[in-house]
Amino acid sequence: MLKVENLHATVGDKEILKGINLEVKAGEVHAIMGPNGSGKSTLASVLAGNEKFTVTEGKVEFEGENLLELPIEERSRKGLFLGFQYPVEIPGVTMANFMKIAVNEQRKSRGLEPLTAAEYLKMMREKSAIVELDAKLTSRAVNEGFSGGEKKKNEIFQMAMLDPKLAILDETDSGLDIDALRIVATGVTRLKREDNATVVITHYQRLLDYIVPDYVHVLYKGRIIYTGDKTLALKLEKEGYDWLINDYKEE
Amino acid sequence: MEKTTKDIIQELETGDYKYGFVTDIETETIGRGLSEDVIRLISEKKGEPDWMLERRLKAYRHWLTLKHPEWAHLDIPEIDFQDVIYYAAPKQKKALNSMDEVDPELKRTFDKLGIPLEEQMALAGVAVDAVMDSVSVKTTFRDTLAEKGIIFCSISEAIKEHPELIKKYLGSVVPYTDNFYAALNAAVFSDGSFCYIPKGVRCPMELSTYFRINAEGTGQFERTLIVADEGSYVSYLEGCTAPRRDENQLHAAVVEIVVEKDADVKYSTVQNWYPGDKEGKGGIYNFVTKRGICRQGAHLSWTQVETGSAITWKYPSCVLQGDNSSGEFYSVAMTNNYQQADTGTKMIHIGRNTRSRIVSKGISAGRSQNAYRGLVRVAKGADNARNYSQCDSLLIGDKCGAHTFPVVDCFNPTAVLEHEATTSKISEEQLFYCNQRGLTTEDAVGLIVNGYAREVLAKLPMEFAVEAQKLLSLSLEGSVG
Amino acid sequence: MTERLKELLATRALPHDGIIGAGSWCAEVCGDSDITVREGVAAQLLIVDGDCTAEVNIDVERGGELRILHVVSHRSAVNVAVAMAEGAKCIMSQLVVSPSDTRVVASLMGRDAQFDFGGAFVLTDDDAASVAVDVNHISSDCVSRTVVKGVASGESHGSFSGLVYVAPDAQRTNSEQLSRNITIGNAHIETLPQLEIYADDVKCSHGATVGQMDADAILYMRQRGLSLTTAKRLQIEGFVDDVVLHLSIAGVEDVLMELMAEKLNRL
Chain A
0 MLKVENLHAT VGDKEILKGI NLEVKAGEVH AIMGPNGSGK STLASVLAGN
50 EKFTVTEGKV EFEGENLLEL PIEERSRKGL FLGFQYPVEI PGVTMANFMK
100 IAVNEQRKSR GLEPLTAAEY LKMMREKSAI VELDAKLTSR AVNEGFSGGE
150 KKKNEIFQMA MLDPKLAILD ETDSGLDIDA LRIVATGVTR LKREDNATVV
200 ITHYQRLLDY IVPDYVHVLY KGRIIYTGDK TLALKLEKEG YDWLINDYKE
250 E
Chain B
0 MEKTTKDIIQ ELETGDYKYG FVTDIETETI GRGLSEDVIR LISEKKGEPD
50 WMLERRLKAY RHWLTLKHPE WAHLDIPEID FQDVIYYAAP KQKKALNSMD
100 EVDPELKRTF DKLGIPLEEQ MALAGVAVDA VMDSVSVKTT FRDTLAEKGI
150 IFCSISEAIK EHPELIKKYL GSVVPYTDNF YAALNAAVFS DGSFCYIPKG
200 VRCPMELSTY FRINAEGTGQ FERTLIVADE GSYVSYLEGC TAPRRDENQL
250 HAAVVEIVVE KDADVKYSTV QNWYPGDKEG KGGIYNFVTK RGICRQGAHL
300 SWTQVETGSA ITWKYPSCVL QGDNSSGEFY SVAMTNNYQQ ADTGTKMIHI
350 GRNTRSRIVS KGISAGRSQN AYRGLVRVAK GADNARNYSQ CDSLLIGDKC
400 GAHTFPVVDC FNPTAVLEHE ATTSKISEEQ LFYCNQRGLT TEDAVGLIVN
450 GYAREVLAKL PMEFAVEAQK LLSLSLEGSV G
Chain C
0 MTERLKELLA TRALPHDGII GAGSWCAEVC GDSDITVREG VAAQLLIVDG
50 DCTAEVNIDV ERGGELRILH VVSHRSAVNV AVAMAEGAKC IMSQLVVSPS
100 DTRVVASLMG RDAQFDFGGA FVLTDDDAAS VAVDVNHISS DCVSRTVVKG
150 VASGESHGSF SGLVYVAPDA QRTNSEQLSR NITIGNAHIE TLPQLEIYAD
200 DVKCSHGATV GQMDADAILY MRQRGLSLTT AKRLQIEGFV DDVVLHLSIA
250 GVEDVLMELM AEKLNRL
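Residue numbers (numbering that gives the first Met the number 0), protein chains in the order written: chain A, 0 to 250; chain B, 0 to 480; chain C, 0 to 266.
So that you can see chain A by itself, here it is in the shape it has in the complex (with noise of 0.2 Å):
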């Protein structure tokens, strides 16, 4: 589904990524964990195509296709969703009218009609209810006025809505207590099938107790350098990161 080759990529001058390998298949979950300012969200940035970062080598498809070729628009349409860090707030626009837009563009990329305003409604009702979103938030504009909490449910709710083929999660889980983050990982769980994958980027375990793992990688100064089954989770969760960080080093 996602190939990542070599993928090098700076911000001004300074280089954050370093040469980046990654493969994601269909039905697979990934977490990619490592100290702050390793790179993990620049890499989350660069592979929805946020245009603050220059992508310097390196290649990346995404179902067959050079995604760095796309525009942002167009990378979400074909699938690619982005759960941000921190959700925007996008005053006087209403949730309900911007989610309705991103749908239809979505469909009529795909050659679909677009939803009558019953058929939307009921989907709404629907996706909400997976991440146990107040439906009264949707009458709202995006984000704005949100608690924490709610402001990641509703990027759950908006990834429901969109049914990505990969969902890329940007610290999802920072900032919830421990009911929200059981809402937010189980609403994941539930879009979880044989033909999507997911790629989480966290630095808790307590995320991926809910959302368990194929893989879990570590990124350190811009490239991965340790891949392991979900008990690397636990160890780094009891370990730190030393560890990787001196053999990595000593290499």
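Keep in mind that the hints were calculated from the coordinates and are not lab data. All C-beta atoms in this analysis are idealised placements derived from N, C-alpha and C, irrespective of residue type, glycine included. Treat the hints with care, since some could be wrong.
List of simulated lysine-lysine pairs, DSS-like, C-alpha gap at most 25 Å [to be verified]: (1) B:Lys424 x B:Lys469; (2) C:Lys231 x A:Lys99; (3) A:Lys164 x A:Lys121; (4) B:Lys345 x B:Lys398; (5) A:Lys58 x A:Lys17; (6) B:Lys147 x B:Lys280; (7) B:Lys280 x B:Lys398; (8) C:Lys202 x B:Lys398; (9) B:Lys379 x C:Lys231; (10) B:Lys198 x B:Lys147; (11) C:Lys231 x A:Lys107; (12) A:Lys51 x A:Lys77; (13) C:Lys231 x B:Lys424; (14) B:Lys424 x B:Lys379; (15) A:Lys135 x A:Lys99; (16) A:Lys99 x A:Lys121; (17) A:Lys2 x A:Lys164; (18) C:Lys231 x A:Lys77; (19) A:Lys191 x A:Lys229; (20) B:Lys147 x B:Lys166; (21) C:Lys231 x A:Lys51.
Residues of chain B placed beyond 10 Å of chain C at every Cβ, according to the derived structure [to be verified]: (22) Leu164; (23) Glu229; (24) Tyr232; (25) Lys277; (26) Gly296; (27) Cys433; (28) Leu471.
Place chains B and C on chain A using the hints.
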């Protein structure tokens, strides 16, 4: 028995302007009135070169074509410019060589003002240029500063000794064509301070000019020029007082600051000219043009505490010409009784990535009128300009006025500009709360006002901040009610 | 002018004496006019500018309530003066989409009067428009609120001038004034949010901002599949909608949306 608010007011009304004394010193003045001859006379008395006289005459001729500015929110009585004495100097025998030669009466004057011209200042680490009426009395610490290549002297001396710098910079930031009072000042300015900080030098002490009007019927027209060469730093302080008189006296100063590449200048003023009595009689008319230009990466910060003068008309400004330059303006303007103030700043963004910040705190009491007037302009090429302005007004009593006249003028679509303002009064609840904790109403008001002004006061150098705090409480006397 | 507007103007024209009763009224401004809302009457008024210079004087008598929607879509210079007596209320929305000069002068003449203004101007190409809102608090215990949102793109020039005047003795005045602006392209925005206050027991605040569209919000919307153009349009709509749709006069919302959409397509 508990004191009523009224009692407090009555007690406070005896509150005094403590700098209202007159120094009994023989003063040399010229006759009242203004003409080309008067200007020639001033120039001659100062022993100026011809080019300087020519500049003065040019400015004077231009001034004759100008009208008195009417746009401010001020009620300015007609000023008879022919009834002003344009030159007054304390008589001194000859040029000074050492402190001992300063007239003891003069020294006493500055001691009384809390500006001792030597020892204590040495302890405080401040170099002072003291200007009485039209001349610079004494500049301290010149030798220490000279070691670092810093020039700090009266502008009269600078004209004679550093003509190349004066020719290059004087009038380069505030040309005589700028406005009515800038033209008048350029024609008749009598003294002021000049300061030059060479490339890369960090001025080791605060530089300070102390202005004092003493003689009767005189106007004071000082001119200050500060040039901070590339990468240098200086912090400059200005203080002003005048005797209590029933007549209004005119003060029209110009301050020009050139902040070269990567230099940093901090200019602080505590303006405490005689404000007039509580009936609004007397007081200084203060018409001041202050402006600095910032080259690439330069930074200029204005801080002012304005408590004096019957009329204040003053807008210290920053022209952010160079890329990445920044300007700041922090102001507390307090008016009481019949004082009027129209003060604020202009931030002119010309270079790219320029930043400015404005914090203005107006306090109106008595029957005074207090206006903030500001301009933030972003020129076409000034990409990524940022400005934040905050202009608050505090009203004490229901006979005064507080006004805000900001202009935000943006020609560049990458600018982010924010302006916020609030108007409020000291609430009964706040006073009650303080009273309940044992504070007198007077102390409570002083406390609340100082708290309100704190953000600005914190920008002043330490010695000045303490003085300014006292001044704010003092100026408020008689206003509680 | 849209068909819908013409229809409204024809069916709900003002009476000749300008005294309007309860219900909705429409006025196309082509010359000076005087309008009165009698004591205790609640009415709605749609003002559509003609291609002209004109003054509209409105009196809202004691306890009266008037909702005004002012649409400026011609090269006009219209002054609207509203005087409010004790306990009177005026809620006004204004949409400016053409080069024009408009001035609203609201005078709160009696105690407990209330004025609430929400305006937006959307300028494109080489439009030049000025919007002025002066609020005079003459009497005590009045409340006013002014929000004006400006969008200027292309080579246009938008200017807002606001003044809140609080007379001596207009104690317990509560006033807010807000000017928010977005510039795009080579546009020029000028804003003068002014306060002139002669009473002490007042709560007055004002704010002004000039900025651009929020790049993060645009990125966010594009990540969800919206095109750049749609994301921009949505953001501008979101920016001005709360003031444009501040009040509704039945049957006018779609006219407003139409005018807006037409203008937004030119951004």
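Hints, one by one, checked against the model:
no.: 1; hint: B:Lys424 x B:Lys469; verdict: 21 Å, holds
no.: 2; hint: C:Lys231 x A:Lys99; verdict: 16 Å, holds
no.: 3; hint: A:Lys164 x A:Lys121; verdict: 22 Å, holds
no.: 4; hint: B:Lys345 x B:Lys398; verdict: 29 Å, violated
no.: 5; hint: A:Lys58 x A:Lys17; verdict: 13 Å, holds
no.: 6; hint: B:Lys147 x B:Lys280; verdict: 47 Å, violated
no.: 7; hint: B:Lys280 x B:Lys398; verdict: 18 Å, holds
no.: 8; hint: C:Lys202 x B:Lys398; verdict: 16 Å, holds
no.: 9; hint: B:Lys379 x C:Lys231; verdict: 23 Å, holds
no.: 10; hint: B:Lys198 x B:Lys147; verdict: 10 Å, holds
no.: 11; hint: C:Lys231 x A:Lys107; verdict: 19 Å, holds
no.: 12; hint: A:Lys51 x A:Lys77; verdict: 21 Å, holds
no.: 13; hint: C:Lys231 x B:Lys424; verdict: 42 Å, violated
no.: 14; hint: B:Lys424 x B:Lys379; verdict: 40 Å, violated
no.: 15; hint: A:Lys135 x A:Lys99; verdict: 16 Å, holds
no.: 16; hint: A:Lys99 x A:Lys121; verdict: 12 Å, holds
no.: 17; hint: A:Lys2 x A:Lys164; verdict: 14 Å, holds
no.: 18; hint: C:Lys231 x A:Lys77; verdict: 21 Å, holds
no.: 19; hint: A:Lys191 x A:Lys229; verdict: 17 Å, holds
no.: 20; hint: B:Lys147 x B:Lys166; verdict: 23 Å, holds
no.: 21; hint: C:Lys231 x A:Lys51; verdict: 18 Å, holds
no.: 22; hint: Leu164; verdict: 38 Å, holds
no.: 23; hint: Glu229; verdict: 33 Å, holds
no.: 24; hint: Tyr232; verdict: 32 Å, holds
no.: 25; hint: Lys277; verdict: 18 Å, holds
no.: 26; hint: Gly296; verdict: 24 Å, holds
no.: 27; hint: Cys433; verdict: 18 Å, holds
no.: 28; hint: Leu471; verdict: 18 Å, holds
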